[in-house]
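Mapping of the sequence shown onto the working numbering: position 155 corresponds to residue 172, and the numbering continues sequentially without gaps.
Heads up, a few of these hints could be off.
[Unchecked claim] Keeping only pairs whose Cα atoms sit at most 16 angstroms apart, straight-line, the calculated EDC-like set for lysine to aspartate or glutamate is:
#1 Lys218 - Glu178
#2 Lys25 - Glu42
#3 Lys152 - Glu193
#4 Lys218 - Glu181
#5 Lys23 - Glu42
#6 Lys23 - Asp79
#7 Lys152 - Glu119
#8 Lys23 - Glu49
#9 Lys25 - Asp65
#10 Lys135 - Glu120
#11 Lys154 - Glu181
#12 Lys135 - Glu145
#13 Lys152 - Asp93
#14 Lys135 - Asp114
#15 Lys218 - Glu193
#16 Lys135 - Glu178
#17 Lys23 - Asp63
#18 Lys25 - Glu49
#19 Lys25 - Asp63
#20 Lys154 - Asp93
#21 Lys59 - Asp114
If you are wondering where the hints come from, they were derived from the structure by calculation, not from laboratory data.
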Amino acid sequence: MINYLKGKTIQIHKTATNRLQLILEVNQIGYEIQIPSRLARKLTLDDDQTIQIFTHLQIREDQQILYGFATSEERDLFRQLISVSGVGAQSAIALIDTLGLEELVRAIMSNNGRTLAKSPGIGPKTAERILLELKTKVSQWQPQGLKTSVSAGLPRKEILEEVEMTLLALGYSDEEITGAISAISQDNQLLKNSNIEEWLKSAITLLSQ
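Using the sequences plus the hints, can you model the full thing?
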């Protein structure tokens, strides 16, 4: 309904429910917009500065809430998140605040529930639902800039965490997993590879010897 608003920052304050609210003046109308703290830290009260806020309007029986984001990508990912059962607007904003757009997309693409669960209000079961419902959608949706970034390679830490979780699920002991991960982490060819399946294959091959 409202794709974005352009105006001046009048005020940023916390509500009684501890949520950050931006008052944005557009053509002499002041809009109340709930925003992530990441965005609030970027904004200044400058009378001469016009800012653009990408918005999502949530309509309930008792109220209408306007949410605002720095980019259309953040706003679109917010919409994807709240489409998941059990993920409300506040949890979605917390995910964006805690991880940021790029790390959040990367976590979903790599099935990294541990990273998602770092966010307040996101438990293991909710993280699993997000991964189950959004991995394909996010893969199809993610903008070109993020596609390049994500496909360029996952951080080594995230790859190793995923390998560890998979090996645990396969029944290997902590001692076996620690030894395997230590060994494959020394493989110079593997260090250049961002494909989790290749890391996992190397670990299983080593453990099978």
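Find the hints from earlier in the document that the structure breaks and name them by number, from lowest to highest. As far as the earlier hints go, 3, 6 and 11 are violated by this structure, in ascending order.
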